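Colleague: Residue numbers (the working numbering), protein chains in the order written: chain A, 1 to 546; chain B, 1 to 546.
Please keep in mind that the hints were generated in silico from the structure rather than gathered at the bench. Mixed in with the good hints there might be a few duds.
For identical chains, the list gives no copy identity; a pair is met inside one copy or between any two copies.
To be verified - SDA-like mimics (lysine to any residue), calculated; alpha carbons at most 25 Å apart, straight line:
#, residue 1, residue 2
1, Lys250, Pro298
2, Lys111, Asp305
3, Lys433, Leu365
4, Lys11, Met67
5, Lys403, Val351
6, Lys429, Glu286
Since this is a predicted model, take the numbers as computed values, not measurements.
Number of protein chains: 2
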Amino acid sequence: MGWEETAADKKERIEKTIPDEWRIKSKDVGDSVMDYPAMSGIMSDEELAITNSTAVDLVAKLAKGQMKSVAVTRAFCKRAALAHQLVNCALEFFPEMALAQANELDDYYEKNGKTVGPLHGLPISLKDQFRVKGLETSMAYVAWIGKYDEEDSVLVTLLRKAGAVFYVKTSVPQSLMVCETINNIIGRTVNPRNKNWSCGGSSGGEGANVGFRGGIIGVGTDIGGSIRVPSAFNFLYGLRPSHGRLPYAKMANSMEGQETVHSVCGPITHSVEDMRLFIKSVLFQEPWKYDSKVIPMPWRQAEEDVIKSKLSSGGLTLGFYNCDGNVLPHPPILRGVETVVSTMKKNGHEVIPWKPYKHDYAVNLINGIYAGDGGDDVYGVLKESGEPAIPNFQDLISPDLPKVDMNQLWDVQLKKWTFQCEYLAEWRKMEEKLGKEMDAIIAPITPTAAVRHNQFKYYGYASAINLLDFTSVVVPVTFADKSVDKKREDYKPLSKIDGVVNGEYDPDAYHGAPVAVQVVGRRLSEERTMAIAEEIGKLLGNQITP
Amino acid sequence: MGWEETAADKKERIEKTIPDEWRIKSKDVGDSVMDYPAMSGIMSDEELAITNSTAVDLVAKLAKGQMKSVAVTRAFCKRAALAHQLVNCALEFFPEMALAQANELDDYYEKNGKTVGPLHGLPISLKDQFRVKGLETSMAYVAWIGKYDEEDSVLVTLLRKAGAVFYVKTSVPQSLMVCETINNIIGRTVNPRNKNWSCGGSSGGEGANVGFRGGIIGVGTDIGGSIRVPSAFNFLYGLRPSHGRLPYAKMANSMEGQETVHSVCGPITHSVEDMRLFIKSVLFQEPWKYDSKVIPMPWRQAEEDVIKSKLSSGGLTLGFYNCDGNVLPHPPILRGVETVVSTMKKNGHEVIPWKPYKHDYAVNLINGIYAGDGGDDVYGVLKESGEPAIPNFQDLISPDLPKVDMNQLWDVQLKKWTFQCEYLAEWRKMEEKLGKEMDAIIAPITPTAAVRHNQFKYYGYASAINLLDFTSVVVPVTFADKSVDKKREDYKPLSKIDGVVNGEYDPDAYHGAPVAVQVVGRRLSEERTMAIAEEIGKLLGNQITP
């Protein structure tokens, strides 16, 4: 069987997992599919209400016996089935297994009068890097189709212990190294708000599915924006925790064993509250006893309380930047940053300009790290099946790049560490100047609102933060608006790539596209940074998707 | 100037830093020099008392104004001067600078009626990897002689803020990759208890100087035993914290930028109490704001209290092994482990056999990591000056080894992580079986008591723990005794290296040599593991050097 047949067979198998009664007759529903579930006739009012709810609410009801996991699971399965048919976001869909798992949890509750854990009965969607025993993890490589997992990834094990139900594994771009979602198996995943926009990547299937409310908490991974970009493009919250906070063991990955910059797992959600539920539920299971890379650091309520106490007296101190010196963001993003800054100032917080320290240097450094093996790992897997590289990956890493040798790698790693320490020194200097802590930095996460297909060209706003291993939470802010976000006239690009990115802006094409910022805290500052992101979201008034 | 002249000049400059009144007339003092200070006539009774004291006691007296830093500093400078003359342990000695610093601290105290920090006025000795502004850090490379540091290493900055005084930087083996201490600048550092034994390495100068009480807290580094071996060989306590607990930024190192297995800093002390003083004093300065590799983890009193509470009810649960399957330790070490096991059992603790999981695999893996660049880094620095490699390093890494390529490195890193996770799974399985926590593991740290020169052949007891990044505290136990530690007859070696190591044992030659164990806790378990080590030491009755 050639790679095309293998891929087509996999695609067909995914489609066949959707029961007839959940099938959409006509997919001609316009550019946005956001309103489809309510008008589909496929979902009941109760199912719509469940999927429009919050995870915190659902687990509370499940724990009180006011709701059955089977009902919640069926609702999300249905909506995810719609999502897949409309935006093409699933690489594995397994409602039967999910409903069986839900049923077991309901039985357990009935018999024991208590939950198995803090996520009892809650469906959680997973990027197709997570291994679930009995299922395939192709990670969008044709060569990996047909390999069935014999054990769960550690995070899956722990979520299962906490009571989560699994029902879908979502699509990724071939190689995972791209911030759009396209592969040779199911093609492109599109944005549910407008099929002409990207859902982001590499956790793009998660972004699309959760954005459509086919999921309530989705789990992605991020080595250069792969959680944060889909969150931003789908008007969602997304957490890139620092490396070592959440377990990554036993997952599939590209360039496995690469440790110069670690990929990390994190949640994509509709609110910080749900994000917190997820993190606390995982940390409660002591993941450091399973995955050696996880730091023994339980949820630190005292850290969250530091922020709460600042909120109740004195206020926060935030830095901000709207340009990293390489690429000036499109007008909607500049307005997004300005909206956050002015909202925070209006509410009594101090917001001060932060000079992005050597971000150009950082972006070059991390690009070299991504290409450290000259693409051998990815191109090697492609060769196994014969499938071609997607153009977006070819643009990033061409197959004839030289490998970095060991002493060159050590040099790069030393530069990384030195840069990180210099950045910390800048942060300290600022704090010395202010005479108080700078709690976080507000910054763009991408230079564009949800981008048009094949137009994601600049990863630097995201990847500089990966190089620093800082904690980052994406907060949805607003939507591009052609009436105010005019194209800049006579703009002189800062760089060649800036010219390309800025040339792409078109007020009409981007009208309505989600705009987000990231809130960046120092390494392993999840509790504090999430609390700040929550406050920003609250003050913006966008905790619930509009 | 040829390398020999450069080295000879450096050696002479070190010797010249010793004032005439501290010079020893005749060095013919026998194999052990431990009694020399008391009979030297160079040190006053007060100075002997100060240097025989504990760091905890000294900082308490300094903080109450009952003692001057100048007096304490002079006492340690004198004793370190004796140490260098007798066992050849210093690469930088700077009593004038130290006394000036002590004087400033005394002035500060007099003016302000308070200390600058928790280590106010206490001299701390440093391995010659730490940079102190204005001094040389040759790290025993001839090529690096004459390079003067323009800034402090981060740990030095923080110790300085805490009030520590610096006076000596101690000797290391060329390359740092060897557990004895010999280089082409000052030659060999010997064990103060017997000049025929090694002081260990690579923090061997620290081991010798602190063992001789030329220092009260010494700071070393460890990538394969380099803190723990000198601690063991000099009847001292030594902590190898997990990576990320203490700052390493801005230090000199071999193979800088190598991150597959991190070298870490840690203290070498006469007691766990002094070790704790050191760690708490550093963590109090929030090192994670200076060094990006440090985890934001303050001293966790609650973790120490878990152990204390077990001590007051129920007791500890400890695993132990006396053989890693590769090399059976010499009889004195087996007796050392047995002494700890029986002492703990006698005192109501549960001690159970632990099967060392795949240590042979771990040792092979980490040896490959040490040699990852085919020796390019070290041999490159040697070439700069023309000095030859020391034989001990040549044995380890020959100059013609092939380099590991990037994908091979990733493979090794993946194997490391997998092994670490498997080890955690074994630990969990044991705890499930026991129905309670296994608090730590007792194990040999070397297969020999303080070893004869050029006989350190097997690093595996130490290095397997580095690969796991577990926390390890060395506890001194006893001394080799020819009357009980007989040579094994008709012994069949487990391996070729076991044959070599066991062939080396000679009850007469090792009579009186220090014997130690390591107490191993999971990653980042410093508070707990130190508390366990303290209890073991207390029950053995050897908190004070005999």
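Colleague: Are the hints correct? Go through all of them and say.
Modeller: Right, here's what the structure says about each hint:
1. In this assembly of identical chains, Lys250 and Pro298 lie within 25 Å of each other by CA distance solely inside one copy; the values are 21 Å within and 30 Å between copies.
2. Taking the closest pair of Cα atoms, Lys111 and Asp305 never come within 25 Å of each other, the shortest separation being 38 Å inside a single copy and 38 Å across copies.
3. Proximity of Lys433 to Leu365 under the C-alpha cut-off of 25 Å is found in neither arrangement, the shortest distances being 29 Å within a copy and 48 Å between copies.
4. Taking the shortest alpha-carbon separations for Lys11 and Met67, neither the intra-copy value of 34 Å nor the inter-copy value of 79 Å comes in at or below 25 Å.
5. Taking the shortest Cα distances, Lys403 and Val351 never come within 25 Å of each other, neither inside one copy (43 Å) nor across copies (50 Å).
6. Only between protomers do Lys429 and Glu286 lie at most 25 Å apart by alpha-carbon distance; the minimum there is 15 Å, versus 36 Å within a single protomer.
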